[in-house]
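*Asks:* As a plain string of letters, each chain reads:
Number of protein chains: 4
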Amino acid sequence: MPSWSNGKRYNARPDPMIIIVTGGTFDKEYNELAGKLFFKKTHLHEMLELGRCGLNVRVKTLMMIDSLHMTSRDRKRILDECIKSAEKQIVITHGTDTMVETAQVLGRKIKGKTVVLTGAMVPYKFGSSDGMFNLGSALSFAQSLPSGVYIAMNGKCFRWNTVKKNKSKGEFEES
Amino acid sequence: MPSWSNGKRYNARPDPMIIIVTGGTFDKEYNELAGKLFFKKTHLHEMLELGRCGLNVRVKTLMMIDSLHMTSRDRKRILDECIKSAEKQIVITHGTDTMVETAQVLGRKIKGKTVVLTGAMVPYKFGSSDGMFNLGSALSFAQSLPSGVYIAMNGKCFRWNTVKKNKSKGEFEES
Amino acid sequence: MPSWSNGKRYNARPDPMIIIVTGGTFDKEYNELAGKLFFKKTHLHEMLELGRCGLNVRVKTLMMIDSLHMTSRDRKRILDECIKSAEKQIVITHGTDTMVETAQVLGRKIKGKTVVLTGAMVPYKFGSSDGMFNLGSALSFAQSLPSGVYIAMNGKCFRWNTVKKNKSKGEFEES
Amino acid sequence: MPSWSNGKRYNARPDPMIIIVTGGTFDKEYNELAGKLFFKKTHLHEMLELGRCGLNVRVKTLMMIDSLHMTSRDRKRILDECIKSAEKQIVITHGTDTMVETAQVLGRKIKGKTVVLTGAMVPYKFGSSDGMFNLGSALSFAQSLPSGVYIAMNGKCFRWNTVKKNKSKGEFEES
Numbered sequence: 143m144p145s146w147s148n149g150k151r152y153n154a155r156p157d158p159m160i161i162i163v164t165g166g167t168f169d170k171e172y173n174e175l176a177g178k179l180f181f182k183k184t185h186l187h188e189m190l191e192l193g194r195c196g197l198n199v200r201v202k203t204l205m206m207i208d209s210l211h212m213t214s215r216d217r218k219r220i221l222d223e224c225i226k227s228a229e230k231q232i233v234i235t236h237g238t239d240t241m242v243e244t245a246q247v248l249g250r251k252i253k254g255k256t257v258v259l260t261g262a263m264v265p266y267k268f269g270s271s272d273g274m275f276n277l278g279s280a281l282s283f284a285q286s287l288p289s290g291v292y293i294a295m296n297g298k299c300f301r302w303n304t305v306k307k308n309k310s311k312g313e314f315e316e317s
Numbered sequence: 143m144p145s146w147s148n149g150k151r152y153n154a155r156p157d158p159m160i161i162i163v164t165g166g167t168f169d170k171e172y173n174e175l176a177g178k179l180f181f182k183k184t185h186l187h188e189m190l191e192l193g194r195c196g197l198n199v200r201v202k203t204l205m206m207i208d209s210l211h212m213t214s215r216d217r218k219r220i221l222d223e224c225i226k227s228a229e230k231q232i233v234i235t236h237g238t239d240t241m242v243e244t245a246q247v248l249g250r251k252i253k254g255k256t257v258v259l260t261g262a263m264v265p266y267k268f269g270s271s272d273g274m275f276n277l278g279s280a281l282s283f284a285q286s287l288p289s290g291v292y293i294a295m296n297g298k299c300f301r302w303n304t305v306k307k308n309k310s311k312g313e314f315e316e317s
Numbered sequence: 143m144p145s146w147s148n149g150k151r152y153n154a155r156p157d158p159m160i161i162i163v164t165g166g167t168f169d170k171e172y173n174e175l176a177g178k179l180f181f182k183k184t185h186l187h188e189m190l191e192l193g194r195c196g197l198n199v200r201v202k203t204l205m206m207i208d209s210l211h212m213t214s215r216d217r218k219r220i221l222d223e224c225i226k227s228a229e230k231q232i233v234i235t236h237g238t239d240t241m242v243e244t245a246q247v248l249g250r251k252i253k254g255k256t257v258v259l260t261g262a263m264v265p266y267k268f269g270s271s272d273g274m275f276n277l278g279s280a281l282s283f284a285q286s287l288p289s290g291v292y293i294a295m296n297g298k299c300f301r302w303n304t305v306k307k308n309k310s311k312g313e314f315e316e317s
Numbered sequence: 143m144p145s146w147s148n149g150k151r152y153n154a155r156p157d158p159m160i161i162i163v164t165g166g167t168f169d170k171e172y173n174e175l176a177g178k179l180f181f182k183k184t185h186l187h188e189m190l191e192l193g194r195c196g197l198n199v200r201v202k203t204l205m206m207i208d209s210l211h212m213t214s215r216d217r218k219r220i221l222d223e224c225i226k227s228a229e230k231q232i233v234i235t236h237g238t239d240t241m242v243e244t245a246q247v248l249g250r251k252i253k254g255k256t257v258v259l260t261g262a263m264v265p266y267k268f269g270s271s272d273g274m275f276n277l278g279s280a281l282s283f284a285q286s287l288p289s290g291v292y293i294a295m296n297g298k299c300f301r302w303n304t305v306k307k308n309k310s311k312g313e314f315e316e317s
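Chains as they are written, first to last, in my numbering: chain A, 143 to 317; chain B, 143 to 317; chain C, 143 to 317; chain D, 143 to 317.
Note that these hints are calculated values from the structure, not bench results. Warning: the hint list may mix true and false statements.
[To be verified] In silico DSSO-like cross-links for lysine-lysine, where the CA-CA straight-line distance does not exceed 27 Å:
1. Lys267/A x Lys253/C
2. Lys309/C x Lys183/A
3. Lys311/C x Lys267/A
4. Lys306/B x Lys255/B
5. Lys309/C x Lys267/A
6. Lys309/C x Lys267/B
Make the full structure from the sequences, and use the hints.
*Replies:* Below, the structure is given as structure tokens:
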């Protein structure tokens with residue numbers, strides 16, 4: 143919770159945050175020679191700059207995978223990264239297809255940290271993307287929600303154990 | 143606070159929200175005939191659609207002013223709108239130049255509602271804008287922060303009485 | 143040739159032009175539910191408006207195909223459309239993969255018209271696209287080149303029988 | 143004229159081209175600290191890259207001025223630059239407000255070169271710009287029109303002595 147809840151000024155000890163990048167539509171690009179979508183480097187730094195983000199946040203690229211291709215081993219790596227990170231406020235960029243699965247793996251194990259997963263339905267690089275909106279949303283929820291694991295999509299936040307993706311609408315809902 | 147804090151499911155009674163539009167750089171456009179910046183209609187609807195925002199939110203355009211030209215009468219109108227609105231979660235889009243002044247007018251008077259002011263350093267219509275990021279941020283803080291008046295800029299939130307705009311950096315800071 | 147070459151003022155009898163749309167990367171979009179590229183309606187009208195194009199030009203969508211999937215029957219349809227059109231200045235938007243093949247089918251048969259094929263390496267809808275540049279280029283070449291069939295890509299124009307696509311570079315060259 | 147008109151292959155001796163940058167809306171940017179439009183460096187290189195332009199073209203920034211502020215001395219500098227350049231195909235990016243004036247200064251004096259002036263109604267950096275379209279158009283006209291001075295705007299080309307800007311429409315027309 144923001145530190146004024148106990149009388150302290152917010153910026154006295156700014157909480158460090160981490161964004162763990164795992165890929166997903168968020169970071170996909172168009173390969174014009176092959177005519178396909180693919181991953182290069184993350185665009186998170188460019189996006190934080192565009193948002194004029196002044197938070198004390200570091201970005202770590204853990205993997206760049208379409209979440210349809212994630213294995214339990216990949217999700218375990220994400221879990222381990224969350225557990226070992228010094229930061230107590232974590233945002234994870236992730237493909238939307240299996241974001242709920244990863245949220246469940248994390249939700250059962252992580253204590254004492256606020257973890258918010260987010261993604262995008264349209265690649266950031268394509269223009270009409272929800273990426274910037276979701277990034278601002280996730281970073282804000284990560285600062286203000288109590289410890290726990292959440293998904294931030296469509297402007298809302300959902301607890302890890304009461305959310306599902308409505309694949310026909312391309313939206314997240316309470317389950 | 144999200145309603146699960148007391149055992150209720152989040153979506154059982156989704157809190158309606160309102161975005162009060164007052165103008166600012168957020169909504170400026172380029173008038174190619176005159177070669178100047180000016181206001182037409184708000185882009186908020188387009189932005190909420192771009193963000194695939196699923197919140198129960200209505201948009202009300204109260205005025206379209208550069209905040210450098212705001213008078214105390216304008217700020218009183220914003221205050222009155224906040225007080226009379228049924229919604230308890232309010233986002234206000236506002237020019238950054240005198241956002242702090244308006245926040246102070248609101249902060250002294252508003253009770254029982256979470257009000258978050260936000261804006262943009264670059265017009266949404268210009269491409270490399272922080273508008274979408276700030277909108278996602280503000281809507282999220284409005285759902286999760288306790289009652290009070292806040293400014294959401296640069297990914298952070300500030301209480302209305304401990305914030306100032308650093309004009310040389312173009313950023314908001316704790317005062 | 144522009145009509146001043148024989149003393150007439152250019153705009154006295156503005157030559158009508160036609161843009162025949164056949165698809166290609168030019169008009170592809172991102173389907174966020176399926177995570178794939180696909181065709182909806184052409185964006186040509188929007189692009190002509192964006193370019194503030196004042197030409198007397200009509201747009202006809204003949205087909206929306208990835209040129210890798212074009213058959214000789216499709217190319218015959220394009221040829222027939224060129225032959226029957228009243229306009230003597232024709233631009234054809236086309237996938238770059240088999241643009242040369244179609245140019246050859248047209249080049250052998252069309253007389254008395256200036257036909258310019260163009261396309262894009264990145265979909266117009268994706269932001270960092272060459273679409274607008276190529277459209278302006280093709281429309282200009284169509285007005286100023288003598289009768290014949292050409293490809294306009296990379297800012298250059300090539301005759302239909304002396305051009306090839308360099309697939310590793312994603313550029314067109316003299317053959 | 144393209145060199146095939148006399149039997150030579152186009153690319154055997156690719157004609158070098160020059161783009162002379164003088165500023166105008168084409169290159170304006172938004173200064174977020176001051177909330178005003180201003181000039182930094184030209185975006186021409188970025189635009190040529192975006193268009194995947196393969197021409198043998200160099201870019202020279204002569205000045206960065208709003209054409210409303212141009213003096214006869216500025217126009218004389220542009221004229222001198224055209225005369226002394228080795229290239230016989232010249233594109234000049236220029237503000238649209240007094241583009242006709244500059245075209246007249248050049249038209250009376252320049253022989254043996256194809257000079258095409260172009261600009262934009264909306265800054266390239268603002269997104270919904272005609273800049274890329276006009277650049278593709280001008281570069282193409284510069285390669286295919288006979289010697290002379292022209293304006294390329296709205297997809298059309300006009301001779302220097304039969305054109306005017308319709309200020310209420312923001313378009314160029316035959317005079």
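*Asks:* Look at each hint and say if it fits the structure.
*Replies:* Hints versus structure:
no.	hint	verdict
1	Lys267/A x Lys253/C	violated, 43 Å
2	Lys309/C x Lys183/A	holds, 24 Å
3	Lys311/C x Lys267/A	holds, 21 Å
4	Lys306/B x Lys255/B	holds, 22 Å
5	Lys309/C x Lys267/A	holds, 23 Å
6	Lys309/C x Lys267/B	violated, 36 Å
Checked against the numbered hints above, the structure violates hints 1, 6; every other hint is satisfied.
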